[in-house]
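Q: Here's the letter readout for the chains.
Number of protein chains: 2
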Amino acid sequence: MGIRAIVFDAYGTLYDVQSVRLLADELCGAQGALVTQLWRLKQLEYTWLRTLMDRYEDFWQVTHAALLFALAAARIEATPARIDRLMEGYLSLAPYPETAAALEALRQHKLAILSNGSATMLEKLVLNSGLAPLFTEVISVDRARHYKPHPACYALAEAALGVTKSELLFVSSNGFDVAGARNYGFTVAWIERGAPQPDIPTLRDTYRLLRGREEQLGLAPEYRLQRLTDLVPLLRQL
Amino acid sequence: MGIRAIVFDAYGTLYDVQSVRLLADELCGAQGALVTQLWRLKQLEYTWLRTLMDRYEDFWQVTHAALLFALAAARIEATPARIDRLMEGYLSLAPYPETAAALEALRQHKLAILSNGSATMLEKLVLNSGLAPLFTEVISVDRARHYKPHPACYALAEAALGVTKSELLFVSSNGFDVAGARNYGFTVAWIERGAPQPDIPTLRDTYRLLRGREEQLGLAPEYRLQRLTDLVPLLRQL
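Protein sequences appear in the order of chains A and B.
Going by this note's numbering, the first sequence opens with residue 998, and the numbers climb by one from there.
Going by this note's numbering, the second sequence opens with residue 998, and the numbers climb by one from there.
Derived from the structure by calculation, the hints contain no laboratory data.
The beta carbon of each residue, even a glycine, is placed where N, CA and C say it ideally should be.
It is possible that part of the hints are untrue.
Unchecked claim - Pairwise CB distance ranges, derived in the manner of DEER restraints:
1) B:1162 with A:1182: 34 to 42 Å
2) B:1230 with A:1215: 24 to 32 Å
3) A:1104 with B:1219: 28 to 36 Å
Claimed, not checked - Okay, the calculated bits of chain B under chain A, using three or more residues with CB under 8 Å as the criterion:
4) 1040-1047
5) 1063-1073
6) 1081-1095
So here's chain A without its partners, still in its complex pose (with noise of 0.2 Å):
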């Protein structure tokens, strides 16, 4: 198939969301977990509730509304230095264990971001990470003033990279992701992070009950992983 260029979706994907969770017990106390949670799903609940309304308003102003909207919920006061602690913790996301290494290891390939992040959002998280170096392009829906999964926002990966659609692999672990990348017509790799024991569900498990399984959208992604590491065989084989 002869891939140039591997795309990474990367809240969820390249970096841990739930990574805000210390910041949020530290400053919301027993509410942390419900914080974290709520801002997640509402997050993206207002991505899409805009697109579909043509109300775009960039992703630090969503990100925001949505904090407003969990602390109203968990009934935590929201304070200004609250806020500004909370909205910062998003600027320096932990990437997941084996980020580094997986990148390092493809490094042969153009290597992008494409994310519902602000161009400043993602400057600065690529940033803090110190994974700058690895990417080629960091791109923002922001130049199509549209939400994933619209396809708009897809469309922006070919032109910035210089590929075409056969030559680029998109890597989400976001289910509505990987639905939009092969909606638009992507060949899509999954990662799998897996959900957790529905047993004793709390709200704590929420997000990843309604994120960590494949979505029944009629739109499966080709291949499966289960870590950004399990890239390198499979790139071997493409």
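With chain A fixed as given, assemble chain B onto it according to the hints.
A: Below, chain B alone, put in the same frame as chain A:
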């Protein structure tokens, strides 16, 4: 202002989507609550994601796909009997306790439903609940092949009812629907059914924690009511 028509959302506003919970408990045991919550959350997600990807399927198909996801996430076997009975349950959801009284008291206005439900689902729902004679029109977004909050859905109401935007009051308890109707230009009354206490958050609360609160989308409703019968004094003023 001269309101001539009152247009209601169906699921969550006139009819309690949580009323399938008893059936889910019977069919899914201790996972009934989890299945009920995930089912509704995924059902809405899939309406948004399909609209964003321009891959419309009707609400019966979307509801079925969401149920498959929910059962898989809860590790409940998706037997035909279980699926059939839960799907049938969606055709006889219980109206909220005040629904019939509120509609009766508002009969001097044209009353209508504008819902994501397919035409067949809505027809059975209003028949099974005995409320069919109260509605001038039961409008399915299926005519627009988009889901709320896409503007094409709301645009169906004026033509179907022969009224102008300013003669129409839109009523919903779903925050995304309030935002969508306001975005389209309708006057909106939000039935604020209230969110649960977040002190002991379990998945049982997820739906209400995520939906039972005003959205942070910059599209606040003009009126906030506690229950449908509060529309009666409001309409006297309008």
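Q: Now tell me, hint by hint, if it's right for this structure.
A: Status of the hints after comparison with the structure:
no.: 1; hint: B:1162 with A:1182: 34 to 42 Å; result: holds, 39 Å
no.: 2; hint: B:1230 with A:1215: 24 to 32 Å; result: violated, 47 Å
no.: 3; hint: A:1104 with B:1219: 28 to 36 Å; result: violated, 56 Å
no.: 4; hint: 1040-1047; result: holds (count 5)
no.: 5; hint: 1063-1073; result: holds (count 7)
no.: 6; hint: 1081-1095; result: violated (count 0)
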